[in-house]
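Chemist: With chain C fixed as given, assemble chain S onto it according to the hints.
Below are the chains, spelled out letter by letter.
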Amino acid sequence: MKVGLFIPCYVDAFMPEIGVATLELLERLGVEVHYPLDQTCCGQPMANAGCHADAALVERQFLRCFEKFDCVVTPSSSCAHHVRERKNLHSNCLELSEFLHDVLKVREFPWARFAHRVGLHVACAGLRGLGLASTSEISGPRFSKPRALLERVRGVEFVEAARPDECCGFGGTFSVTEEPVSARMGYDKVNDHRAAGAQYIVTPDPSCMMHQRGCAERLGIDLKFIHLAQVLNGAPE
Amino acid sequence: MKRVDHAEASSHFIKATKHLEFHDKRLWDLRQKRDREAEAIPEWEELRAAASAIKEHTLSHLAEYLEQFERNAVANGMYVHWARDAAEHNQIVFSLLEKHAAKILVKSKSMLTEECEMRPFLETRGIEVVETDLGERIQQLDDEPPSHIVVPAVHKLRRDVAQVFSRTIGTDSKNTEVAYLAESQRKDTRPYYLKAGAGMTGANFAVAETGSFVVCTNEGNADLSANLPPLHIASIGIEKLIPRLSDLAVFVRMLSRSALGSPITQMTSHFRAPRPGAEMHVVLVDNGRAERLGMEGFWRSLKCIRCGACMNTCPVYRRSGGLSYGATYSGPIGVIIDPTFNLRKYSALPFASTLNGSCTNVCPVKIDIHDQIYRWRKVIAERGQLPMVKKEAMRMAGKVLSSPKLYRLAVKAAQAGLDYLPRSMIYNPLNAWGKQRELPSAPKQSFREWYLENR
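Chains C and S, in that order, are what the protein sequence lines are.
When you line the first sequence up against this note's numbering, it's residues 1 to 237, in that order.
When you line the second sequence up against this note's numbering, it's residues 1001 to 1455, in that order.
One thing to keep in mind: the hints can contain errors.
Label pairs and their in silico Cβ distance ranges [said to hold, decoys possible]: (1) Asp102(C) - Ala1053(S): 29 to 35 Å; (2) Val159(C) - Pro1042(S): 27 to 33 Å; (3) Leu1418(S) - Lys2(C): 33 to 39 Å; (4) Arg154(C) - Leu1430(S): 19 to 25 Å; (5) Lys87(C) - Ile1426(S): 37 to 43 Å; (6) His1019(S) - Asp222(C): 25 to 31 Å.
The set of hints was computed from the structure by calculation and includes no laboratory data.
We put the beta carbon where it would ideally sit given N, CA and C, even for glycine.
So that you can see chain C by itself, here it is in the shape it has in the complex:
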């Protein structure tokens, strides 16, 4: 299977290890991964700020890189959500965990072991936008694709925060333009994780991770953060 790998701008620049883990994991699972070298960003920051003309320029560049692929995979749910929801961008852009869960239907990660107390954080765009998991607002059967994957990693012990699917407050430009509320939400989130006894926060979304890690570090809370791709790829403990 041939897929285009989209590594969002901020992951490329600040968290390359997430890109590496995603690529290695997909390769390990036999996927033919192509990484277009001229990719930049999907246009989400501008579009979320209301600046759709500015976003359109960026989206054109995205399309130049990815239109030839039937399927695009990315380790960021808000980017996947943006790409998929936008008219004429790429209707088959999948977030990594849904690609693994729904398309490849991977259920075994024999190479992975992660013996820690883990809090799982699914980004709102993944949760309520892409439907990666059931939400606390809607009654009905409970499910979580990222969790279903993570459950297959040996050693993982789940701990649940009191408000497992409350937004952590990143929100793109919101994190800067609404800094007071954004930071407070982040503080509340990492404190909630800590109170639940988590050692690691595992998340399929690097943007929430960057925000929460920044909050935890500033507060001096001993909480580690790691992307789901890294754990599934057998991150060294």
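Modeler: What follows is chain S alone, placed relative to chain C:
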């Protein structure tokens, strides 16, 4: 008109830690109670779909239902008035009070009269207006607007209420017992019911087929306001219409469950006709609703039944408080309604959201709230209402991110900056991210660089 600065206002709210923590906890508690009630009803999602469909049907046939309501209400013995805007509404109410020589108006909670700024209008004309809902009365005595559409004084602690009451109705400022405070307000308000020349209520629903309206409350104050004075005025927004009495079966099951997580309000009062010797007047108010109905992408906000569930669940609202929105309506529903009143003034509000979508999920009438927030941002940008800094930042970002070359240079520069600049230069007042958060550390190479080296 000056733009409301939600971020600035929220920073003050957040500094008052005790208040913030109480506010967040109290509203989250309501949200959880709502979850339990919703889960206890297997057909909850079907109810939401039904409620949404009834409202969309009504709104797309609104003129017919309004006229049907008027015909039936008049046949029942009510008087029906039409108000194009807030000014007309206030004038109609004042004229009625004048005609009946009413100097005191007791009223139950109504967001519509807040929206019309009716109280100051009447007070400058010599009418004493007494709010009879406990929360609303606290806010009136403290000279503040309600901060929440269901629990108006939720941002106050007990000790704040004790202060307000001791200052205004002479309670013991040290006694912060809920029962004492509530009883004191009750005792203070009771005589007004008997003295008042007129009583006012809003309405949760107006039923076209019966020409009646329904008021859902928990304190009984609306019934006293409506039934003791010789004149009852009900101010009703035109979006409150529902076609049939049987439709209420859907809404009454959802309203209080969504609002407070209780199965039903203590009182669900149906008003159909004036009692002998009294008069009942309905003022049907547009005040921008007809225009909103014509707004593609935004008209569904008119489905709102004012339960406040979106506010209770909103992580931003819970941490910034209703007053930080500087508008009649706050929280998620507020940020999609307020810009219709004044785009410039409320242009920052749709950005007071992370687009997390929880509001949309709890809305009992399935308003696409977070999608509308997203759409408003586009309208605000297109109409030139973005702050210059943001507009320029996005223009630059668009330019850089659409060019692979410029993008790579920017990545290098950002990494170098994080690597070489001293901490004091990175964490400066202009770096909003770094005020309360650490920045990511600079990696040795970008993913792209790694890829070129390793694949």
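Chemist: If a hint holds in the structure, say so; if it doesn't, say that too.
Modeler: Now for the hints, and whether the structure bears them out:
Taking the beta carbon of each, Asp102(C) and Ala1053(S) are about 31 Å apart, inside 29 to 35 Å as hinted. Checked against the hint of 27 to 33 Å, the C-beta distance between Val159(C) and Pro1042(S) comes to roughly 30 Å, which is consistent with it. The hinted window of 33 to 39 Å between Leu1418(S) and Lys2(C) holds, with their beta carbons roughly 35 Å apart. Between Arg154(C) and Leu1430(S) the CB atoms are about 47 Å apart, so this pair departs from the stated range of 19 to 25 Å.
Taking the beta carbon of each, Lys87(C) and Ile1426(S) are about 39 Å apart, inside 37 to 43 Å as hinted. At roughly 29 Å, the beta carbons of His1019(S) and Asp222(C) sit within the given window of 25 to 31 Å.
Taken one by one, the earlier hints fail for this structure only at number 4.
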